[in-house]
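Combine both chains into one complex, guided by the hints.
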Amino acid sequence: MLDWAKWLKYEGFIHLSAISVSDWIEEKKYKIAYLLWSFKDNVLLVLTAKIDRENPVIDSVIPVWGNNAQSHERENWEFFGINFKGNSNLIPLFTENWQGPPPFRKDFNWQEYVRDKYYNKENERERGYYED
Amino acid sequence: MKERGDIMKINQEMSVLPKSNEYDFYFGPCHPGSGNFGVKLKVKGEKIISALSDPGYLHRGFEKLMEYRLPLQNAMLSDRICVFESLAWNLVHAEAMEELMDLEIPERAKYIRVIMVELSRIQSHLIWWGVLSAGIGFDTGFKIAFGYRDYILDLFADITGGRVYPAGYICPGGLRRNFPMGIEEKIGKVLDKIYEAFKYIETGNPTFLSRTKGIGVLNLEKAISLGATGPVLRASGLKTDIRKDDPYEVYNRFNFEIPVREEGDIYSRYMIGLEEIKESVKILKQAFEDLPKGEVILPKFKKPKLNMKIKEGEVYVHNEIARGEGGMHIISNGGIRPYRVKVRGPSFSHMIPVLEYLLQGAEIADVPAIYWSLNVCPADLDR
Chain F
1203 MLDWAKWLKY EGFIHLSAIS VSDWIEEKKY KIAYLLWSFK DNVLLVLTAK IDRENPVIDS
1263 VIPVWGNNAQ SHERENWEFF GINFKGNSNL IPLFTENWQG PPPFRKDFNW QEYVRDKYYN
1323 KENERERGYY ED
Chain X
125 MKERGDIMKI NQEMSVLPKS NEYDFYFGPC HPGSGNFGVK LKVKGEKIIS ALSDPGYLHR
185 GFEKLMEYRL PLQNAMLSDR ICVFESLAWN LVHAEAMEEL MDLEIPERAK YIRVIMVELS
245 RIQSHLIWWG VLSAGIGFDT GFKIAFGYRD YILDLFADIT GGRVYPAGYI CPGGLRRNFP
305 MGIEEKIGKV LDKIYEAFKY IETGNPTFLS RTKGIGVLNL EKAISLGATG PVLRASGLKT
365 DIRKDDPYEV YNRFNFEIPV REEGDIYSRY MIGLEEIKES VKILKQAFED LPKGEVILPK
425 FKKPKLNMKI KEGEVYVHNE IARGEGGMHI ISNGGIRPYR VKVRGPSFSH MIPVLEYLLQ
485 GAEIADVPAI YWSLNVCPAD LDR
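Protein sequences appear in the order of chains F and X. Residues 1203 to 1334, numbered by the numbering used here, are exactly what the first sequence covers, in order. Residues 125 to 507, numbered by the numbering used here, are exactly what the second sequence covers, in order.
With the rest of the complex left out, here is chain X (with noise of 0.2 angstroms):
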């Protein structure tokens, strides 16, 4: 006959029930808050102890399957690079191939190349507003922005034949074609009712602001050293964007703001997401009014050969992109096909660098606010 001490003791070895509050908790990668991108917390209680981030589930190799490609079939894979903003990524890819190959474009393709990748940005950001929403858990907030973003994705069916995918509508050389009739109309339209989106934002709610101000902070030190770029290093307070500092295409023509904030909460990465999506507004109304008229692709592009060759060299491109610095470095050793091709995704040092260490020692309820708040596209990363 054993004692109760006995008991208590081999129940203590026996360890049936763990015997600290601490455990391992996944959050994704099929998680609907989370896309196609996994983290590994360890938490104890409500706490996060340290994460992981665990990406690959949407790799697709892009970069090694562009060495198998030509240009014009590499500008119609740049799209999926990323889902939310294809046609940046289609802009990127074509001015890395121009820069290559000495091309100059048309002055009227330059102008509708910086309509279309503004018009991405601010739908772009519209998601980023969803997102964020419905990561606090204020799911009108999501309805509201994806109702807003349909109207953009109706143009971009309009002018590039795709909503999501334009199919490489910025292709090297030019643009695969050229505004429809009575499209200038539709737009400035469409840019009225995007501010008619800003009347619904919630920006003063004391619920809203409990969850994301003082929360998820990145100063500035940090969020250089880990790599961040565009509205979250905006938002930490350096006043830097490629737009103006390394000017493509012809945004050295218009007149906007960057938007900056001191505090490197998830509040003020918010609110430099809406305050971009006025001035890109700002950016478009300037671009029509001195819209040039004429083509917009190069002759020798209107039925390219499928051997063309592009020159040895070696360049690295890179675009203001709404999630960052997103980049292209191609290397050619005169061949029909890219020699290596590799995509620098600004969420590539967002999601691993910045989210581990922005997921230390904040609470369970928060990692999707965090997650979401840096403006992150798990298919960059995984390209």
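Chain F extracted, bound-state conformation (with noise of 0.2 angstroms):
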């Protein structure tokens, strides 16, 4: 993975838009997408991956694309869990104190999540929300 992203910034790539993430829970697999762009060509090239889902371990690309690199993998850590191998600043980015499963995979229901841990079915008001 680390010698393709770098054989990539050589050709000129040496812009990282995103790294896109989609959870294939059927398939049992993450698929990691690098969006990369060419300011020398103008190219627009999109690199994946896809990793196991239980055990989601990939090489962080900091080296290659640096503290931009960063920014994106902290992300993409907290919303699917997938741990980069090499990123030492892994720290929540957007939630606080969040306790559940990783927010943004398939098997997180968030309806769920949010009736069994914010509302109360004795409460009147928030008694709608438990009628299917």
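With a straight-line cut-off of 25 angstroms between C-alpha atoms, the simulated DSS-like cross-links for lysine-lysine are:
1) Lys-1231/F to Lys-188/X
2) Lys-433/X to Lys-1308/F
3) Lys-1287/F to Lys-1233/F
4) Lys-1319/F to Lys-188/X
5) Lys-188/X to Lys-1308/F
6) Lys-1208/F to Lys-1242/F
7) Lys-1233/F to Lys-188/X
Rather than coming from a laboratory, the hints here were simulated on the basis of the structure. Owing to the predicted nature of the structure, the values given are computational and were not obtained by experimental measurement.
Dropping the structure here:
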């Protein structure tokens, strides 16, 4: 992975637009897409990698795309629980005191989570959330 | 009885007063000069030793929410990604959906899209000018900029029905409605007004220059490695603009320049913003000259079916929005809702790595100036 990234950077893809992760729950895989842009040739390129969903570990691309990659990796670590090996600064970016599972996974039901954590069935005004 | 020296020693040990002048300083997120975003600063005296961006105050989980909604609902949601330029985000979403569905929209719709997005860029740059003026203590500039921006918001109200949020005006398949009667003249008058605003812009005032020149310098190498795009990158010396490099809609038919500066400081970013307003006016004039007549929406989207399937596939669309590269990466598995939506906001890079880098070693008084000179929008970072 890192070798590919290094080669692509050498070829002119110096701008990392974003790292986009998608959760393929049936295949039990995470697909990680690195969206790259070359200022020299004006070409858009998507580098993808599939990793195991149960033990999501992948090499960090900080050595290639620097601090920009660092913050993108932090976001995906927080939302999907992907461990970027080599990124020493994996701390939550958006959430505060989050105790649930990584929120952007497909098996995370936010409606259920909010209902269980923040609503009370006994409360007359909130009872409606429990009726289907 | 204790000796005087002992008491001094005890006092020192208890350290009633801090031993050094280092302290933590939290800028935002409820501060009027920060806008829903916080930066944790470590400060020694007046100098900042380190800065840590702390987003999340405005996080609404749009990426997840969009997986639960239909494309036409998402068009409305895409306004809210950034308050300052909702039309530009409308366009990014609509283009991504059209690419997934293989749609070719009517010619007139393409022109109107360009007109709307350029108007949106002008009002966004006016905000930039306004908040940067406020950031350096030039409050009159703030009021003038927001006053002139209001003329454009009135146009938006006439055309889309909403001043700030157009409620999905640019939707997959075209536009929700055609231009109202006589809007061309109105837009022409507003553009004259915008030129009028330029005579108030302070660029030679020594106080203004001392607060902006040589401060917050971002060199080109750093700008690229930290992921800067758009006006921030152009102010550091790289001539790049997605409207020219990877044209979308009908941008390849218009003549316009890409303003570039070398210095990379606050002043150069400010000047880039002003020059871009002039370029946008140029594009608008050309667009009105050859605006074709006809429909603005595809027939099958006039009364759209709710269970319309999105073709299986994956697409990344990026546009040059006022702040830089705004993109959407949408994956569909053939259902009626997108499987995954990833929003790439330009402020993500500008507010985390770039801002942290620029604030190191800066003075406290320069924090708002550096912060707003990056043309940031906390909303598109937090999504």
